[in-house]
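Undergrad: Protein chains in written order, with our numbering: chain A, 1 to 264; chain B, 1001 to 1350.
Don't read these hints as lab results, they were simulated from the structure. Just to be clear, a hint being listed does not mean it is correct.
Straight-line distance between alpha carbons at most 16 Å, and here's what the computed EDC-like set of lysine to aspartate or glutamate pairs gives [to be verified]:
id	chain 1	residue 1	chain 2	residue 2
1	A	K232	A	E34
2	A	K130	A	D141
3	A	K51	A	D78
4	A	K51	A	D120
5	B	K1214	A	D143
6	B	K1214	A	D120
Residues of chain B placed beyond 12 Å of chain A at every Cβ, according to the derived structure [stated by the list, open to error]:
id	residue
7	R1049
8	L1146
9	S1174
10	R1216
11	G1295
12	I1331
Covered stretches of chain A (in silico footprint by chain B; criterion: 3 or more residues with CB under 8 Å from a CB of chain B, positions within the stretch not fixed) [stated by the list, open to error]:
id	segment
13	56-68
14	99-110
15	185-191
Positions of the beta carbon are idealized from the N, C-alpha and C atoms, including for glycine.
The residues making up each chain are set out below.
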Amino acid sequence: MTEQPHLLETQDITKYYGNIVALRGVSMHVDPGEVTCILGDNGAGKSSLIKILSGVQQHDGGHVLVDGEEVRFNSPRDARSRGIATVYQDLAMVPLMSIWRNFFLGAEPMKKRGPLRFFDAGLARATVRKELAAMGIDVRDPDQPVGTLSGGERQSVAIARAVHFGARVLILDEPTSALGVKQAGVVLRYIVQARDRGVAVIFITHNPHHAYPVGNRFVILNRGECLGTFDKKEIDRQELVRMMAGGSELAELEHELEGIVPPG
Amino acid sequence: MTESAAEPRPPADERLIVTSPVKRLLTRPDIGALVGAVAVFLFFSWFARDVNWIGDPAIAAGWADQAAQYGIVAVPVALLMIGGEFDLSAGVMIGSSGLLLGYLTTHAHMNVWPAIAIVLLFGVAVGVLNGVTVIKTRLPSFIVTLATFFVLQGVNAAGTLKLTGTTAIQDIDSAHGYNSAHAIFASELTRWAFPAKVLWWIGLTIVGAWLLAKARFGNWIYGAGGDPTSSRNVGVPVARTKLLLFVMTSGTAALMGTIEAIELRSMQSKEGIGLEFIFIICAVVGGCLLTGGYGSVIGTAFGAAMLGMVQLGIIDAQWDSNWTYTFQGAILFAAVILNTLIRSRAQRVR
């Protein structure tokens, strides 16, 4: 009985920083058109896990598999060439650069004229407008510096960028944590859109109320260890909140966030 | 007239104010430099009216000569600043390169052309040294290149004295191949004697502006200076970009040293010292932020023109030339204030 290998999978990942164990035996997976949520409080090991999956750091033990094949990412470029794109919390964009320059930073479309190779600015501007419109984002002016966009808009541009560049796996590092309630809702909607376009999404968050409506699977980390992996049907929202923080105070937040995101 | 639009558009943000074209023009980093250059020109057309500042092309040739002296190396210095780094050794490198050319031609009796090739390679080598040191040690480039500056300053002075017993290397024009090199680097153009380096300046400015605006490398420069970490994360080779910028800066300083040695026929051991700050002033006038990620090569050329006009205008107005420094300081101060305003505008007002 051969099973279809997962698009991206980790098995017993371990990571040390000196004598500190950041991750101990963490296993998870994600498939196309699914959202796997990695939940955990600060220091749970979420960042270490993303850094390994995005090629910024290397794991010390365990296996990373893409399409069932063992891989080791030595650089972010390495991971990207495998179709794994990461959108970082606050490092997604260069604020002083225009939207179109940011969108294509590191992957500029080129145009040839004689011996010279140009950065095709016209194509870049048009593509940005088209891609953002496809996600329902209305850019007023692609020449606008990214610093003038709101936090939610910036995240959305970053997500649109990753999807445009053919990301098969989209890793989102706390995309909603710095945002207001309404802005967070906007970003969650783009996560659902990316998922519906067949992208495998890994959504890192410490907020179970953001994770529950969009997630298919929930991986709960605590102090570098995996507390459990649950399919959506195995766990309800209350249970998830309790698992994560035993959260009595978090229950209050629930009301605040109720109903901002239609069930995915 | 009907309410049902063909495609539903998100509601326009009611907080958005419509910006006028004039206001948008003011967010461009090079406009301030252009306005400043025009202001300085008009200033001296009054105070230096006795020498016919506006009407005499020979006067323009004078300040253009000075502007080219500043503007050639200011091009890579501006790109380097946009890339988030400084090079304080760019001034002294002019002297080192010119002296090396002088040594190779007058003491090692080389033909000028292979000597120039060696000088340019020397420029590349110093750039690699600066760049690799900055990247490997993660020290601020300000400190690393300050060290290079002082090391070379000592080498220039002591080396020249040991070699010639004086503070200069003379008779570079006695070397083989000098005439053809003179034609390329130092010939006088038109009957008002515009020096060839004005063309070099304009040419390099066009190349630099093209690189920044149109080449992939330009996008990397903005990224490397604006936010190196996120640029690296999206795949920009930040270290390679910065290394290349250091090489371009030292290499262009070596070219400038060559031009000066050929033009002057001799090289003083103190040549170029102090110019490193002039280059930075040009770049700041051109909208380059000290923090990197923003600036203009065209604006930098206006900055060089401005400083060239100040240098010559003060002489033409028959003032004490010591006032030049005061003018340069005032221009720098005004430029920094203006940049801060423009940047906050670029980041906020739309």
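Undergrad: Decide, hint by hint, whether the structure agrees.
TA: We went through each hint and held it up to the structure:
Distance restraint check for K232(A) and E34(A): the Cα-Cα separation of roughly 11 Å lies within the 16 Å cut-off, and the hinted pair is therefore satisfied. Restraint check: the Cα-Cα separation between K130(A) and D141(A) comes to about 12 Å, which is no more than 16 Å; the hinted pair holds. Using a Cα cut-off of 16 Å, the hinted pair K51(A) and D78(A) holds, with the two alpha carbons roughly 13 Å apart. Restraint check for K51(A) and D120(A): the C-alpha separation of about 32 Å exceeds 16 Å, so the hint is violated.
For a cut-off of 16 Å, the pair hint linking K1214(B) to D143(A) stands: about 14 Å separates their Cα positions. About 8 Å separates the Cα atoms of K1214(B) and D120(A), which keeps this hinted pair within 16 Å; it holds. No Cβ of chain A comes within 12 Å of the Cβ of R1049(B); the nearest lies about 42 Å off, and the non-interface call holds. At roughly 26 Å, the least C-beta separation between L1146(B) and chain A is larger than 12 Å, which holds for a residue marked as non-interface.
S1174(B), annotated as away from the interface, keeps every beta carbon of chain A farther than 12 Å; the closest lies near 39 Å. Against the 12 Å criterion, R1216(B) falls within the reach of chain A, whose nearest CB is about 4 Å from its own CB. With a closest Cβ-Cβ approach of about 10 Å to chain A, G1295(B) is found to fall inside the 12 Å limit, against its non-interface label. Taking the minimum C-beta to C-beta distance to chain A, about 23 Å, the non-interface status of I1331(B) holds against the 12 Å cut.
Given a C-beta distance limit of less than 8 Å, the hint that chain B covers the segment 56-68 of chain A is violated, as 1 residues qualify and 3 are needed. Proximity of the segment 99-110 of chain A to chain B, defined as three or more residues with a beta carbon under 8 Å from a beta carbon of that chain, is established by the 7 residues found. Coverage of the segment 185-191 of chain A by chain B is violated [criterion: at least 3 residues with CB-CB distance below 8 Å; count 0].
Going down the numbered hints, you'll see the structure goes against 4, 10, 11, 13, 15, while the others check out.
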